[in-house]
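Chemist: Going line by line, the protein sequences match chains A and B.
To get my numbering, take the position in the first sequence, counting from 1, and add 5.
To get my numbering, take the position in the second sequence, counting from 1, and add 1100.
Because the hints were derived from the structure by calculation, they are not lab data.
In this text, all values refer to a predicted model and were calculated from it rather than measured experimentally.
Beta carbons: idealized from backbone N, C-alpha and C, even for Gly.
Hints are not guaranteed to be accurate.
Unchecked claim - Taking lysine to aspartate or glutamate pairs in the DMTMM-like style, the calculated list, with each CA pair at most 25 angstroms apart, reads:
| # | chain 1 | residue 1 | chain 2 | residue 2 |
| --- | --- | --- | --- | --- |
| 1 | A | Lys137 | B | Asp1247 |
| 2 | A | Lys137 | A | Glu126 |
| 3 | A | Lys137 | B | Glu1140 |
| 4 | A | Lys137 | A | Asp117 |
| 5 | A | Lys35 | A | Asp233 |
| 6 | A | Lys115 | B | Asp1247 |
| 7 | A | Lys102 | B | Glu1341 |
| 8 | A | Lys115 | A | Glu126 |
| 9 | A | Lys35 | A | Glu84 |
| 10 | A | Lys136 | B | Glu1341 |
| 11 | A | Lys136 | B | Asp1247 |
| 12 | A | Lys102 | B | Asp1247 |
| 13 | B | Lys1311 | B | Glu1140 |
| 14 | A | Lys136 | A | Glu122 |
Claimed, not checked - Heads up, incomplete: computed chain A residues facing chain B, CB under 7 angstroms, no partners named:
| # | residue |
| --- | --- |
| 15 | Leu94 |
| 16 | Leu110 |
| 17 | Leu111 |
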Amino acid sequence: MINLPIPPALAVTFEGHAEFNGVPLFAPIKLVLEAQQWTCLLGGSGTGKSTILRLIAGLDTGANFTGRIYSSDGGQVYERIAYMAQDDLLLPWATVKRNITLGALLRGRKHDNLRLEQLMERIGLTQHANKKPGQLSGGQRQRAALARTLMEDKPVVLLDEPFSALDAKTRMQMQDLAVELLVGRTVLIVTHDPGEASRLAHSIAILSPRGLDLRQPPISSIPRPIDDLGSLEFHASLIRDLMTGES
Amino acid sequence: MKTVFPIIMATAFAILVWQMVVSLTGLPRFILPSPLLVMETWWQNRGLILEHLLVTAASVLIGLMIGTLLGIVTAIQLAASQGMLILFRPILVFTQALPVFALAPILTLWLGFGLSSKVAMAVLIIYFPVASSFLDGLLRTPPGYLDLARTMQAQSLGILFHIRIPAAFPSLSSGLRLAAVYAPIGAVIGEWVGSSRGLGYLMLLANGRAKTDLMFAAVLTLGLFAILLHIMIGKLASRLERA
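With the hints as constraints, model all of the structure from the sequences given.
Modeler: Given below as structure tokens:
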């Protein structure tokens, strides 16, 4: 197995509240993304979990945000994140290789060829390097998107429901691959799937209009096995909480 | 073969109907000449027709090239700068609403009876569909791509050339398809208004001398040229879409 160099550890803190056209989107909250850990932001549709991720990424949200977002070393946060969405966002006219190296291309720099070769080898895309995204399966496309995210080599990785469009088997495989490859990075994963949260997260925050509810999943290494009783029980308790939270 | 056969059948059917109308109604040849007569006239005057076709084709092709180039450059300019867009987009819309044919006499007055006034006519008519459809495409880049680019700290020029322009190619190609249909119209109108060469001139000349068969031959030639142009541009456009 090829080990990719890991950037220095970085924790990120999100503090504040947001409103949308004068209507509060979420109450004042404090979300800490511990360095080199997977933090999962869980919540139903419309709770503003994607808004929080987009605010951290420095993207337009349309919401009015009051508060601050800062990193453990005091540097700008939005410059040190890599972003992956539910839609793979692969450019249909460009080859897989060109899509993976898009960041360098857009900055007008040369990409690191050795890193590219290692990454494609590791992710299993080497033989698809010169194909267009349209020739790939859904799982392969999401792999290419993950490779593009890793090619950026940032200490913080923001995942916005990255696996929700995949079938159950591919989703599990992608979760395993993502955990393995994102080792040593600070990860925020936004999801509405309690199963995904109990499998992947070191810590979980449930977002509702009242604010954040922090939950501690079983203390074990991730990804937790799919038949791990502790995480299955935890999964059930999360669903119960989500149901009572909405009533 | 599968696409050619129906076209041949349809053409044969149209000629048959045309011949039947001529035979049944007994219309005089200066009102509606028979297909056979038109073919005969075409063959006898093939040198003359070809000569005039070359003139029309030249103004169409030169106009198509200049008009497309100008349209592409305008669209990119407007898409790249918010200020330019606010200032020039209404002008673009206004000029599109203006019937370009109305300008033909003025263009002839300014540029003379030669090729340049016809080229200018074709350029004007091609410029607007190309510029506005390409601009539309440039302004409708899928927002997800732009989000991704922003998280990569992309330069705006990088976004323009690697995302916005390629994402707008399908819009550009539909503009090109439209342009291919309009271009011959522009050139022929230019020739009608004032010229001494070209298929439009030949039509007027033949019409004035009641040589309806020659006029039909000229019209059919123009039609064939337009179809050929449409196919060629269509091939180019679909290559753009797949790029």
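Chemist: The structure should be examined with respect to each hint, and the outcome stated for every one.
Modeler: Okay, the hints, checked on the actual structure:
no., hint, in the structure
1, A:Lys137 <-> B:Asp1247, "holds (21 angstroms)"
2, A:Lys137 <-> A:Glu126, "holds (18 angstroms)"
3, A:Lys137 <-> B:Glu1140, "violated (53 angstroms)"
4, A:Lys137 <-> A:Asp117, "holds (21 angstroms)"
5, A:Lys35 <-> A:Asp233, "violated (30 angstroms)"
6, A:Lys115 <-> B:Asp1247, "holds (21 angstroms)"
7, A:Lys102 <-> B:Glu1341, "holds (20 angstroms)"
8, A:Lys115 <-> A:Glu126, "holds (20 angstroms)"
9, A:Lys35 <-> A:Glu84, "holds (21 angstroms)"
10, A:Lys136 <-> B:Glu1341, "holds (17 angstroms)"
11, A:Lys136 <-> B:Asp1247, "holds (24 angstroms)"
12, A:Lys102 <-> B:Asp1247, "holds (20 angstroms)"
13, B:Lys1311 <-> B:Glu1140, "holds (13 angstroms)"
14, A:Lys136 <-> A:Glu122, "holds (15 angstroms)"
15, Leu94, "holds (5 angstroms)"
16, Leu110, "holds (6 angstroms)"
17, Leu111, "holds (3 angstroms)"
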